[in-house]
Amino acid sequence: MAHDIQEKVDAVSGVTTTGHSWDNIEELNNPLPRWWLWTFYFTIVWAIAYCIAYPAWPLVSSYTKGVLGWQSRDAVEVELAALKDLRSGMTAKLAASSLDEIKQDPEMFAFARAQGKAAFGDNCAPCHGAGGGGAKGYPNLNDDDWLWGGSLEQIQQTIRFGVRSTSDEGHSGSMPAFGRDGMLKREEISQVADYVRSLSGLPTDKGADLAAGEKIFADNCAACHGTTGQGMQEMGAPNLTDKIWLFGSDKAVIVEGINNGRGGVMPTWQGRLDDTTIKALTLYVHSLGGGQNP
Amino acid sequence: MADAPVSPSLTNSGPEDAPLYAPRKQIYPQAVKGRFRTIKWVVLAVTLGIYYLLPFLRWDRGPHAPDQAILVDLAQGRFYFFFIEIWPQEVYYFTGLLVLAALVLFLMNAVAGRVWCGYLCPQTVWTDLFYAVERWIEGDRRDRMRKDREKLTLKTAAQKSLKHFIWLMIAWWTGGAWVLYFADAPTLVRELATFQAPMIAYVWIGILTFTTYTLAGFMREQVCTYMCPWPRIQAALTDEYALNVTYRYDRGEPRGSMKKNEAMRLQGQPAGDCIDCYQCVNVCPTGVDIRKGLQLDCIQCGLCIDACNTVMEKINRPLNLIAYDTEMNVKARIEGRSETRHIVRPRTIFYAAIIALVGATMIGSLAMRRTVYLSVMHDRNPLYVHLSDGSIRNGFTVRVANKNLDERSYALTVEGLSGAKLDIVGGEIDQQGQVVVKVGPDQTLEARVLVSSQGSDVPPSTDIHFTLTDLATGDTARMSDYFKAP
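Chains as they are written, first to last, in the working numbering: chain A, 1 to 294; chain B, 295 to 780.
Everything labelled a hint here was simulated from the structure, so no lab data went into it.
One or more of the hints may lead you astray.
DSS-like, lysine-lysine: derived pairs with alpha carbons at most 27 Å apart [to be verified]:
| id | chain 1 | residue 1 | chain 2 | residue 2 |
| --- | --- | --- | --- | --- |
| 1 | A | K117 | B | K732 |
| 2 | B | K454 | B | K327 |
| 3 | B | K586 | B | K327 |
| 4 | A | K243 | B | K715 |
| 5 | A | K206 | A | K243 |
| 6 | A | K117 | B | K778 |
| 7 | A | K243 | B | K778 |
Model, not experiment: these values are computed from the prediction.
Make the full structure from the sequences, and use the hints.
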């Protein structure tokens with residue numbers, strides 16, 4: 001180091017300079033307190049200790065684990081347990097109450113809907129959509145049309161055992177494949193499809209023989225869909241007179257349904273979800289479109 | 295331009311014996327009596343009194359709300375300040391308060407420099423209190439200097455232990471008072487005493503005991519000179535019109551001993567009033583020599599004024615050689631002009647105007663604050679559904695907040711869509727077919743409502759308005775949204 005620079009004193013402030021000069025602006029030597037330096041050293045020591053104690057450095061396929069063995073996963077589990085603990089009172093109350101009791105109690109109802117919403121997102125949304133809006137072949141749960149009934153008990157029954165599922169108690173009953181299995185001819189299928197469209201006020205093909213369609217309907221379809229086509233929830237047979245169509249209302253879609261039959265499947269949730277969660281889901285689904293009263 | 299030095303002369307790193315870090319210089323401020331010292335004692339008593347006792351002040355709010363005048367109820371998400379109750383979504387009032395505090399600080403600075411630092415800053419107030427304890431036990435400046443210089447005797451060790459004990463008690467009480475703002479004070483005091491209080495209370499008392507003890511007992515003036523950003527900001531905000539603690543060098547210089555100056559005065563030579571007695575430096579809590587002019591370390595507490603005046607009185611010279619004065623006036627006197635005082639000037643008018651504006655906005659919004667609150671969220675998925683009769687239905691999540699301290703019923707109506715039908719999930723419909731929402735005191739309620747069109751002939755988007763009416767008072771809250779259709 002060069003010693004040729006004299007200790008210079010700034011004329012205005014009377015403070016010595018450090019000798020550093022930038023564009024002729026000189027740096028005054030107003031020294032920092034030493035404790036500041038020690039604080040800086042302490043942060044370095046702290047950083048090293050932290051790296052030793054906690055997970056810190058990425059390695060090729062892993063990372064340094066830290067001697068304390070702390071893991072973010074453990075921390076999450078502790079938090080989840082605390083959350084479960086916090087909710088346990090309400091969960092127990094939910095488990096002990098009937099669906100109607102829960103619906104009557106604003107606090108429990110709000111809790112059940114919140115829990116149901118989360119469970120719906122995890123389990124039901126892939127088919128029914130995030131808000132229960134449904135998709136082609138997957139019922140919209142926000143509307144007022146319920147294939148298997150929209151009362152609290154009926155919804156719970158459906159969630160619990162599913163539809164055409166592996167459970168013996170699940171809803172069964174499916175639309176036969178009238179065309180594929182040779183029960184109806186192509187011509188007849190077209191006629192009955194036109195008749196079905198007319199039931200809900202949809203336009204029919206020119207020159208469609210609705211009388212013939214009605215006859216075919218009465219012979220083949222009325223057993224499940226009812227004589228007037230109003231449907232039958234015990235069979236899961238849709239109401240054909242309303243404006244809601246699970247697979248669509250185009251003639252081609254209806255013909256396709258009569259030809260090959262229909263039978264969507266919903267899995268059984270009993271055993272996969274606990275009773276309280278199913279209860280919460282029931283209340284949530286019921287609340288989406290207001291459900292039906294028993 | 296071409297031959298301007300471009301690189302810092304890093305190779306010539308200067309005299310190597312000049313240390314870059316300085317050891318701490320212990321400051322032993324001497325006791326002083328006078329006008330500003332008295333003001334400081336009064337401010338200390340009032341501010342600490344408010345801080346320590348305020349949590350015990352009661353305020354009757356009725357049966358459903360706590361009766362503590364100032365309470366930050368974190369668990370329930372409520373803040374009570376006398377007659378004002380603030381909900382979490384209204385924390386902007388705190389932002390307003392902070393903005394207001396900053397502006398008041400600026401105004402104070404424009405009028406009287408760092409008067410905040412000298413009198414009101416918590417660091418100053420607690421340090422002052424700690425100094426008082428120290429002085430009471432260990433004696434004044436010279437005693438303390440001697441005791442620190444000499445070997446520790448049993449007596450001084452006992453004195454120092456007592457001092458630290460009292461310091462810790464004050465610090466502990468400081469932390470204790472802090473937590474009382476977050477829970478019912480009398481209950482919490484009982485819980486703290488019987489070790490029933492929540493862990494977090496003890497943790498915070500511990501933290502604040504530690505910080506008070508460290509900052510007021512040891513760090514002291516170092517906080518002002520090295521940690522606090524305000525002196526640096528303040529230096530940029532002050533100007534020559536601000537009243538600052540000023541050494542009137544026009545009167546004080548040339549300084550010299552009393553005898554020398556008197557002799558010179560007799561000979562008709564210029565002699566200042568400053569007799570270089572160093573009393574102003576000795577009493578300074580930050581160790582500043584005010585005669586060097588305005589400087590960063592000066593907190594402008596005015597104690598040097600008191601000290602100097604005591605001396606001036608003794609030597610029969612006019613008082614206020616050091617005084618709250620402006621740079622302008624010093625110059626004016628030197629140039630033979632008369633002194634002026636410009637409190638009202640663009641800067642102060644500007645600050646005062648903004649303070650009035652922000653304050654009026656806050657008072658206005660507080661006064662017009664509704665006790666009923668409505669928020670509406672449209673279902674996003676699905677945006678609409680077809681019903682079996684062909685009509686269209688939209689789902690909404692409605693949140694109603696009842697800021698009153700009793701249970702209220704509200705009627706919810708929707709306008710903008712002719713013949714629309716409003717329904718509520720799990721709610722009540724009264725005899726008139728009105729949707730009624732009942733919300734408990736000081737609570738919110740989330741409800742799901744469904745709006746259905748009369749038929750399928752609806753435009754893709756229609757403006758609709760929800761109105762919530764308090765059935766008891768007729769107060770309303772409105773919220774606009776859209777009715778969506780294919």
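Legend entry - Hints that the structure is at odds with (numbers, increasing): none
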